[in-house]
Amino acid sequence: DQQVKQNSPSLSVQEGRISILNCDYTNSMFDYFLWYKKYPAEGPTFLISISSIKDKNEDGRFTVFLNKSAKHLSLHIVPSQPGDSAVYFCAASARAGGTSYGKLTFGQGTILTVHP
Amino acid sequence: ETGVTQTPRHLVMGMTNKKSLKCEQHLGHNAMYWYKQSAKKPLELMFVYNFKEQTENNSVPSRFSPECPNSSHLFLHLHTLQPEDSALYLCASSQEGTNSYEQYFGPGTRLTVT
Chain E
1 DQQVKQNSPS LSVQEGRISI LNCDYTNSMF DYFLWYKKYP AEGPTFLISI SSIKDKNEDG
61 RFTVFLNKSA KHLSLHIVPS QPGDSAVYFC AASARAGGTS YGKLTFGQGT ILTVHP
Chain U
1001 ETGVTQTPRH LVMGMTNKKS LKCEQHLGHN AMYWYKQSAK KPLELMFVYN FKEQTENNSV
1061 PSRFSPECPN SSHLFLHLHT LQPEDSALYL CASSQEGTNS YEQYFGPGTR LTVT
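Here the protein sequences line up with chains E and U, keeping their order. For what it's worth, my numbering labels the leading residue of the first sequence as 1, then goes sequentially. For what it's worth, my numbering labels the leading residue of the second sequence as 1001, then goes sequentially.
If you are wondering where the hints come from, they were derived from the structure by calculation, not from laboratory data. By construction, the Cβ of each residue, glycine as well, lies at the ideal position given by its N, Cα and C atoms. Do not rely on the hints blindly, as some may be mistaken.
Covered by chain U, per the in silico footprint, the following chain E stretches (three or more residues, Cβ under 8 Å) [to be verified]:
| hint | stretch |
| --- | --- |
| 1 | 43-52 |
| 2 | 104-115 |
Have a look at the derived ranges for each label pair, beta carbon to beta carbon [as the list claims (entries may be wrong)]:
| hint | chain 1 | residue 1 | chain 2 | residue 2 | range |
| --- | --- | --- | --- | --- | --- |
| 3 | E | P82 | U | Q1082 | 34 to 42 Å |
| 4 | E | G60 | U | Q1082 | 42 to 50 Å |
| 5 | U | H1073 | E | Q14 | 43 to 51 Å |
| 6 | U | G1014 | E | I53 | 49 to 57 Å |
| 7 | E | P116 | U | K1018 | 42 to 50 Å |
| 8 | U | H1026 | E | R61 | 26 to 34 Å |
| 9 | E | D1 | U | S1065 | 26 to 34 Å |
| 10 | U | K1018 | E | H76 | 25 to 33 Å |
| 11 | E | H76 | U | P1008 | 31 to 39 Å |
| 12 | U | N1057 | E | S69 | 30 to 38 Å |
| 13 | E | L11 | U | T1080 | 38 to 46 Å |
| 14 | E | R61 | U | G1014 | 42 to 50 Å |
| 15 | E | D55 | U | T1080 | 43 to 51 Å |
Between the sequences and the hints, there should be enough to build the whole structure, so can you do that?
Now the structure itself:
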C-alpha cells in the first residue's frame, strides 16, 4: 500500500507561468512533509519542507501548501523557469516509536517540463 | 569534497560477483541511509544507521549487507545479486535529534546486474 502518492506522472508548463505539483498521503501519523528535486544523473536535492502545524511555507519562488483534512499537499513554483525542469518528489515523515530519526516515505515523482 | 559522495557512480556486475558501494558524508551528520530506486517506483528505504547503529532494516534480502564503520562512512556489500536488483542506489545523511527531517542525498550508484 503506497502511503504517499503523486498521481500526475508529468506536468508541462510555459516559462513564467505557475507550476502546481500535487501529492496525497494516507497515513495520518505523518507530521512533516518535504519536496525534493532531482536532475538526471544526480541525487535528489532538498527543496522545501513543511511541518503539520503549518498550512503554508514559502521560500522564494517555491511555496508548499498543506491541507491536513484532505491529506493533500502541493508545491507551487512561480514563476516557472526552464531550469526548474526536473523530477519532483514529495516525501513524508512520522516519528517512529518515539525515536527522532526521520524515516522518509516518498511518492513516485512528477516530471516537470518548463518550456521557454 | 562537500556534501554526500558515492562511489562508484556506475557498476556492472555478474550474479556471482561480490562488490561494495561506498558512501561518505562531509556534513557532520549522525545518521545515514541506503535507498533503492527502481524504474517507475518510489525511492525505497533499505537501511538506516543512527549514531552508527543500524536502526532499520526494511526487509532487505541478505544478499545486501550494510556496514557503517563510523558516522561519516557507509558501505553496501553486494553478493550473488539477481537481475531485478538492477537499480539506482542512493545514500543519504541527516542530523537527527532535531525537529527537521531533511536528508541530503549523494548522486547515486547506477547498478546493473547481468
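Cross-check of the supplied hints:
Residues of the stretch 43-52 of chain E lying with their CB closer than 8 Å to a CB of chain U number 6, which satisfies the three-residue condition for coverage. Counting residues of the stretch 104-115 of chain E whose C-beta sits closer than 8 Å to any C-beta of chain U gives 6, which meets the bar of three, so the coverage hint holds. A hinted range of 34 to 42 Å holds for the C-beta pair E/P82 and U/Q1082, which are about 40 Å apart. The hinted range of 42 to 50 Å is satisfied by E/G60 and U/Q1082, whose Cβ atoms lie roughly 44 Å apart.
For the pair U/H1073 and E/Q14, the supplied restraint of 43 to 51 Å holds, since their beta-carbon distance comes to about 45 Å. A hinted range of 49 to 57 Å for the beta carbons of U/G1014 and E/I53 is consistent with their spacing of about 51 Å. Between E/P116 and U/K1018 the C-beta distance comes to about 48 Å, which sits within the given range of 42 to 50 Å. For the pair U/H1026 and E/R61, the beta carbons lie near 28 Å from each other, so the given range of 26 to 34 Å is met.
Between E/D1 and U/S1065 the C-beta distance comes to about 28 Å, which sits within the given range of 26 to 34 Å. Taken as a hint, the range 25 to 33 Å is violated for the pair U/K1018 and E/H76, whose Cβ atoms sit roughly 47 Å apart. For E/H76 paired with U/P1008, a C-beta distance near 38 Å keeps the hint of 31 to 39 Å intact. Taken as a hint, the range 30 to 38 Å holds for the pair U/N1057 and E/S69, whose Cβ atoms sit roughly 35 Å apart.
The hinted range of 38 to 46 Å is satisfied by E/L11 and U/T1080, whose Cβ atoms lie roughly 41 Å apart. A hinted range of 42 to 50 Å holds for the C-beta pair E/R61 and U/G1014, which are about 47 Å apart. The hinted window of 43 to 51 Å between E/D55 and U/T1080 holds, with their beta carbons roughly 49 Å apart.
In this structure, only the earlier hint numbered 10 is contradicted, and the remaining ones agree with it.
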